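Residues per chain, in single letters:
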Amino acid sequence: MAGGNGAATNGFASGGRQVTFLEAIRQAMFEEMERDPTVLLMGEDVGVYGGAFKTSEGLLERFGWERVIDTPISESAIIGAACGMSYVGLRPICEMQFIDFIVCAFNQITNFLAKGHYLWNAPAPIVIRGPSGGGVHGGPFHSANPEMYFVHTPGLKVIYPSTPYDAKGLLKAAVRDNNPVLFFEHKFLYRRIKGEVPAEDYTVPIGKSVVRREGRHLTILSYAAMMHASLEAADALAKEGIEAEVIDLRTLLPLDEESILSSVKKTNKCLVVHEDTKTGGIAGEIAALLCEKAFSDLDGPLVRVTALDTPVPYAPTLEEYFLPNAKKVFAAAKELARY
Amino acid sequence: MGAAMKKSMPRELTRQQYLDLYYYMRLNRAVEETMVKLFRQNKIVGGLYSSLGQEAISVGTCYALEKKDWIAPMIRNIGALLVKGVPPRDIFMQHMAKYDSPTKGRDGTSHFGDLDNLHIVSPISMLGDLIPVMAGVAIGGRYLGQKIVAMTWIGDGGSSTGVFHEGLNFAAAQKAAFVLILENNLWAYSTPVGRQVPLENLADRATGYGMDSYIVDGNNVVAVYKTAREAVERARAGEGPILIEAKTFRRLGHAQHDPAEYVPKEMRAYWEARDPIALYEKFLTGEKLLDAPVKKEIDERLETLLEAEREFAENSPMPPPEFAEGGVYCTGDDCHKIQARWERPIAEVTPPKSSVKAVWTVPGFGSGKGSGGVDAAIHFGDAPAVMDKPANNGRSAKAAAKPAAKTAPKKAKAAAAGASRKARR
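Heads up: the protein sequence lines correspond to chains A and B, in order. Numbered by this note's numbering, the letters in the first sequence go through residues 97 to 435 in order. Numbered by this note's numbering, the letters in the second sequence go through residues 26 to 450 in order.
Since the hints were derived computationally from the structure, they do not count as laboratory data. Model, not experiment: these values are computed from the prediction. Hints are supplied without guarantee of correctness; some may be wrong.
As the list claims (entries may be wrong) - One-sided and incomplete, this derived list gives chain B residues near chain A with beta-carbon spacing under 8 Å:
hint, residue
1, Asp132
2, Gly161
3, Ser185
4, Val188
5, Asn194
6, Ala198
7, Asn340
Glycine included, each C-beta is placed from N, C-alpha and C at the ideal position.
Please model the complete structure; the sequences and the hints are all you need to start from.
Shown next, in the form of structure tokens:
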């Protein structure tokens, strides 16, 4: 796909090989912009510098300044302008330099973007993406997991992938979606996680979870960086004879209720792991779902392994204590399996 | 006032244009008078906001636009909606939350839009948010090769929001074809402008963005129209966004519930004597553009129209309760087929043609009166900066860098002046 016209591709090899999480995102944007001239990228330092994490490296040289727009430090203006662009038929991708700054545009997102289709039949095909999450000692303003502010907002879609394959396929699906889609990129995964992506064009459907590991004793639901901690814990559990079914939610809004319910109906136990803080996290929503639709199938309480209800602390010792990890998941799962 | 007004209004408009402005101001006021009656009959759901005394601004500014241009009204810009072609029944039904209204009862007042035909973006209640959105419309339109102008309005109150700053700065940095009408009606709800902003003229805010601005008597429709027309033509010609401060007064309270007792009596009396419609009628009569028979014809036309529109609106049903559900998401092509209207060769923005050399200049960046007026250059990689000029005074650097830009707007201006008038209705 990329470089199909024979021109230089600026180092964007088309798939079919092991790529980092970050490279998968870069490829997705490159290929979508190559495929569709209505796709633009705008954000702080996305052009000349290629993005703070280099997710848009080479895009300016390839697509020109009209399509790769370096903006002032104005999150509301970035998202507001993207909204206006979408009204004339464009599909802008907005980068938040760190996803923490998305709250600066909270009003534009929740009041303008999210409500437009319902109120006045105005779809806004926009992607807002950016690096999120902790574990890299970014401190309280560069480590946020603000997904639940937006999961509470009808009209948005919220994606939080954990593998390069999903990141690329879901980002492409997000660009092609006619709704405002928030796409969270866990920065811990950017360069640590590698995976195979196909050479040919593909998308991953929004709103569908995936079973990462089959099991029968309990269900572990997770997403993003904690997906990897959950899989590590599941390996350890297996050594003790506990077969955990691990599901990657991938999309938080809309939530894949069907798959969650069918797994829990099989295992009768559910553990939710997220890096987001505990109160108001997606685990609470899943607990409510299970109470409503699978109450009689549960053999034990829904267990949550999450970050503490505090801001993300800076010192490595504090942050490590704050964050969930494979050990904490293992301990909680072992406890739950006893029911 | 009469003399000053006459002085500023040489007969440059056609008779039809003069009468159009009159008709739309009258329609604006009559629509709102009808809604006040409906409000008193408890047929309006929620609040009713008035633009009494500000009609010249909504009408005069929107009348300066072409059909292809985009607007985003504020709640008091009923006149702009009418000039754009929204039928009064839609405005009535919006306020009455009827099922046949543009939002089918999901939102009220002037909170509705029309992307495909009239090019109207719906406002939200959070002030200032329309500014970056309309900057985006202008930037997006330019990208597609459309020669459109985007216009929105803001009040003295809304000009203190953070997004006002972000939006205008971004619009100016991008040289967006965007015109912002700042209606200084002296009151933000109960707070007088002097307690909100330490500026005599809110137009001065434009200086901080390197934007040009105008100040106009907002109760003089011809002055408003001519100023807006000039601003629209300049924006369309690529001169960047322009701010117009229209000085006026909010004659009624924030909404129907508010008697506005905080407004000094003398201030109200001063402005009531400057009613934009009464002033304009005097002018038209003096210029022999309006006489008793023509006025009577307009009176009757308005009465018949609004009677029919009101009746239609009143007969529309309320939305069925279950309509509250669904419609939150676009379900895909069956729901909305999103298509860009390209008016330039797509090849220009697709590789390899779109590829840039490793130097990015923005011609005319910051060319407003307040800035030095040089091209901004950014260089990266190992390419040399193009703007390695000795520190010069801004004016000559601008002239040297872009000789074409100096002449182009003038030509476009002349052409647009002729064409846009013909294109109207």
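Do the hints match the structure? See the list:
For Asp132 (chain B), the interface hint holds, since its Cβ comes within 8 Å of a Cβ in chain A; the closest pair sits about 4 Å apart. At about 2 Å, the closest approach between the beta carbon of Gly161 (chain B) and any beta carbon in chain A falls short of 8 Å, and the interface hint on this residue holds. At its closest, the beta carbon of Ser185 (chain B) sits 15 Å from a beta carbon of chain A; the interface hint therefore is violated under the 8 Å criterion. Below 8 Å, beta-carbon pairs count as interface contacts, and Val188 (chain B) has one with chain A at about 5 Å; its hint therefore holds.
Given the 8 Å rule on beta carbons, the hint for Asn194 (chain B) holds: about 6 Å separates it from the nearest Cβ of chain A. With 8 Å as the threshold, the beta carbon of Ala198 (chain B) comes within range of chain A, its nearest partner Cβ sitting at about 6 Å, so the hint holds. Violation of the interface hint for Asn340 (chain B) is found here, the shortest Cβ-Cβ separation to chain A being roughly 23 Å, above the 8 Å cut-off.
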